[in-house]
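S.K.: Here is how the chains run, residue by residue.
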Amino acid sequence: MLRFILRRLFVTVPMVLVVVSLTWGLIRLAPGNFYTGEKPIPPAIEQNLRQRYGLDRPWYVQYGRMLGSVAAGDFGISLHYIGQPVNGILASALPVSALLGALSYLLALVVGVAAGVLAALRQNSRLDYASMTAAMVGISLPNFVLGPVLVLVFALSWYWLPPARWNGFGINLILPVVTLSAVYMAYVARLARSGMLEVLRSNYIRTARAKGLPERTVLLRHAVRGGLLPVVSFSGPALAFLITGAVVVERIFALPGLGNYFINANLNRDEPLIIGIVAFTSIAVLVFNLLVDVAYAFVDPRVRY
Amino acid sequence: MSGTDAPPPIAPASDAPAPDAPVAGTSLWRDARRRLLRNRLAVFGLVVVAIVLTASLVGPAIIEWTTGNTYDSIPADRSRIRALPPFTGVDGRFSWEHPMGTDILGRDILARVLLGGRISLMVGIISTVVSLVIGVAYGATAGYVGGRVDEAMMRVVDVLYAVPYMMIVIVLLALFGGQSPLGQLVLLFVSLGAVSWLTMARIVRGQVLSLKNQEFVLAARATGVRATRIVARHLVPNALGPVVVYATLTIPSVMLLEAFLSFLGLGVQAPLASWGSLAAEGVQNMAVFPWQLICPGATMGITLFSLNFIGDGLRDALDPQMRKS
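Those sequence lines, one after another, are chains A and B. Just so you know, the first sequence maps onto residues 0 to 304 in numbering that gives the first Met the number 0. Just so you know, the second sequence maps onto residues 0 to 324 in numbering that gives the first Met the number 0.
Read the hints as simulated data drawn from the structure, not as lab findings. No experiment lies behind these values; they were computed from the predicted model shown. Every residue, glycine too, gets a C-beta built ideally from N, C-alpha and C. Treat the hints with caution; some may be incorrect.
[Unchecked claim] What follows is a list of derived Cβ distance ranges for each label pair: (1) A/A133 <-> B/I50: 19 to 25 Å; (2) B/A60 <-> A/Q50: 55 to 61 Å; (3) A/P255 <-> B/L36: 37 to 43 Å; (4) B/R154 <-> A/D55: 36 to 42 Å; (5) B/I73 <-> A/N263: 27 to 33 Å.
[Stated by the list, open to error] Some chain B residues near chain A, calculated using beta-carbon distances under 8 Å: (6) V156; (7) V158; (8) V162; (9) P163; (10) M166; (11) I169; (12) F175; (13) P180; (14) L184; (15) L263; (16) A278; (17) V282; (18) M285; (19) P289; (20) G296; (21) M299.
[Stated by the list, open to error] Looking from chain B toward chain A, a few residues come up when the C-beta cut is under 8 Å (computed): (22) A49; (23) A151; (24) I167; (25) F259; (26) A286; (27) F288; (28) L292; (29) G300; (30) L303.
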């Protein structure tokens, strides 16, 4: 187990290197620069800017410097938010995104598992069809449609909830969390249902029933543990999806999270900030995937590393 | 190879010897079609997608012919440059002229939604084809060659799975985009195709692995058929079922990604429009003119819903094992 974790952590380093290098290469190959705007700037100022940000050095020096900054975990100074260190921006944006993501994932897990398990237990009942149709709607409805419609109904028509803005942990988060978690709720419900259906037909459940265990124990101790394995393994990809979804949700609800900064950084060509966010999220996704695999081994006794 | 796994009639050139000739009328594909047509939700999906597809192909021309509205026609009469609710004329009374209303420039939203549908469906289909080509070639190669090569190729796929690839797509589109609307579209096709082939590669590899040691492949090899030909003519056609199912499910997911990027202003550029960029426009005025968000949003939701049902139906139809659940 320890060897497996170490090996995976070892693979993480080249992966982050590849992702960061690819991003850096794209930024450098793209036409234009962070200071090119509507008006051309005087050559003397351009000269100064290039010198100030080290753009006058050969590309391999700049590349090396970028890699050094990633390795040191200090991504330098933002080009757009003048004078602000990227690490400071990350530190302010991370709690927003992390809270949004964690709450959404939790909500998706609770509602999705409940709906999926109930649907599986009452297969082909009206409840089953209703929850699976709802899940299909959740998968098909883009979150940038769902979010604004929820705002329209709950904030602008009924005045129940605030429409947008970050205000720490509070009712401001309800609409963004529901919007972001809708898709995962749907996926989790479908995975939980099919996983449970498969397990309920398996031999070990028949054995458990045959030895006279009460139905409650059969379900909670035996079936759920096996039936929810697909949900556990979905948790890894879910984080990558959550990051993508959060970009839109943070934009709709004007939340100062990583996704919002990421889009702005790209539009402003803020290289240190782009690199910082890409490096940070890739590491987070990789480590989280590793944690999911480790958790999987604990839940599923058949898995050995 | 069991009777239900008979080579599909789609590739009649496939000279794989059918081990036990299927009983007349129960080939896998005919059987699947029967099962698919019995699935009411899938049929509903097929009908809706057919309607949306036809409407977005011929609709804009019909609207232009009957009302003179195209997707970017701003009315010459200045009093008409205003947002009208669905089924409302300039005088505020019921009118058939704009079934989905108009936007703030007086443009017909139905025409824009249908044209946006053209772009959205085109991105969905072309990107899926790109991902299909990459995924099938990659997966089939890994599965057929096997051994170390397979190990290495699949490890690469594992690695790519964990990469937050949408971030790289955003960087790509934000930095290289904006040159021309057409260039942006091509960039979209390629980048979306390039990030959605991973699961396809895994599926094809799995199929090829289970097929490649069967007698008909051995026979082909014994008669001196080249490896590329064995893969292309014997293995891939036999793996077609899961590939078709997964490709059908890829279309809505790619369309969703395109809409997501267009919503952020990174995808389809004006004057072209897609459902995503129309929804983005609609969101800006949604408190006053909600139909500008709801019409493109609902059209997109219903289309994706139907495509997902078709995909699910196909999976149930092509995989009788799953059906029993």
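S.K.: Next, verify each hint and record whether it holds.
M.R.: Each hint tested on the structure:
A C-beta distance of roughly 24 Å is found between A/A133 and B/I50, which places it inside the suggested range of 19 to 25 Å. Between B/A60 and A/Q50 the C-beta distance comes to about 58 Å, which sits within the given range of 55 to 61 Å. Distance hint check for A/P255 and B/L36: the Cβ-Cβ separation is about 52 Å, which falls outside the suggested range of 37 to 43 Å. Between B/R154 and A/D55 the beta carbons are some 40 Å apart, a value that agrees with the proposed interval 36 to 42 Å.
Taking 27 to 33 Å as the suggested C-beta distance range, the pair B/I73 and A/N263 conforms, at roughly 31 Å. Taking 8 Å as the C-beta cut-off, the interface hint given for B/V156 is violated, the closest approach to chain A being about 13 Å. Because the smallest distance between the Cβ of B/V158 and any Cβ of chain A comes to about 6 Å, under 8 Å, the interface hint for this residue holds. Given hint, B/V162 at the interface with chain A, holds; its Cβ is 6 Å from that chain's nearest Cβ, closer than 8 Å.
The criterion of a C-beta within 8 Å of any C-beta in chain A is met by B/P163, whose closest approach is roughly 5 Å, and the hint holds. Taking 8 Å as the C-beta contact cut-off toward chain A, the hint placing B/M166 at the interface holds, the least distance being around 5 Å. With 8 Å as the threshold, the beta carbon of B/I169 comes within range of chain A, its nearest partner Cβ sitting at about 6 Å, so the hint holds. Hint status for B/F175: holds, given a least beta-carbon distance of 5 Å to chain A, under 8 Å.
Annotation: B/P180 was flagged as interfacial toward chain A, and the flag is violated, the nearest CB pair being 17 Å apart, outside 8 Å. Using the Cβ-Cβ criterion of 8 Å, the hint placing B/L184 at the interface with chain A is not satisfied: the shortest such distance is roughly 18 Å. This hint holds: B/L263 has a C-beta 6 Å from the nearest C-beta of chain A, less than the 8 Å allowed. Interface restraint check: B/A278 against chain A, minimum CB-CB distance 6 Å, threshold 8 Å, status holds.
A distance limit of 8 Å between C-beta atoms decides the matter here; for B/V282 the minimum to chain A is near 5 Å, and the interface restraint holds. At about 5 Å, the closest approach between the beta carbon of B/M285 and any beta carbon in chain A falls short of 8 Å, and the interface hint on this residue holds. At a threshold of 8 Å, the smallest CB-CB gap from B/P289 to chain A is about 6 Å, leaving the interface hint in force. Hint on B/G296 holds. Least Cβ distance to chain A is approximately 4 Å, under the 8 Å limit.
Contact between B/M299 and chain A, as hinted, is supported at the beta carbon level, the nearest pair being about 6 Å apart and thus within 8 Å. Annotation: interface hint on B/A49 violated; nearest CB of chain A at approximately 17 Å, more than 8 Å. For B/A151, the interface hint is violated, the least distance from its beta-carbon to any beta-carbon of chain A being 13 Å, above 8 Å. Using the Cβ-Cβ criterion of 8 Å, the hint placing B/I167 at the interface with chain A is satisfied: the shortest such distance is roughly 6 Å.
Residue-level restraint check for B/F259 holds (minimum Cβ-Cβ distance to chain A is 6 Å; threshold 8 Å). Satisfaction of the interface hint for B/A286 is found here, the shortest Cβ-Cβ separation to chain A being roughly 5 Å, below the 8 Å cut-off. Given hint, B/F288 at the interface with chain A, is violated; its Cβ is 11 Å from that chain's nearest Cβ, farther than 8 Å. The criterion of a C-beta within 8 Å of any C-beta in chain A is met by B/L292, whose closest approach is roughly 6 Å, and the hint holds.
Restraint check, B/G300 versus chain A: the minimum CB separation of about 5 Å is within 8 Å; hint holds. The beta carbon of B/L303 comes within 4 Å of a beta carbon in chain A, closer than 8 Å, and the hint placing it at the interface holds.
In this structure, the hints that do not hold are numbers 3, 6, 13, 14, 22, 23 and 27, in rising order.
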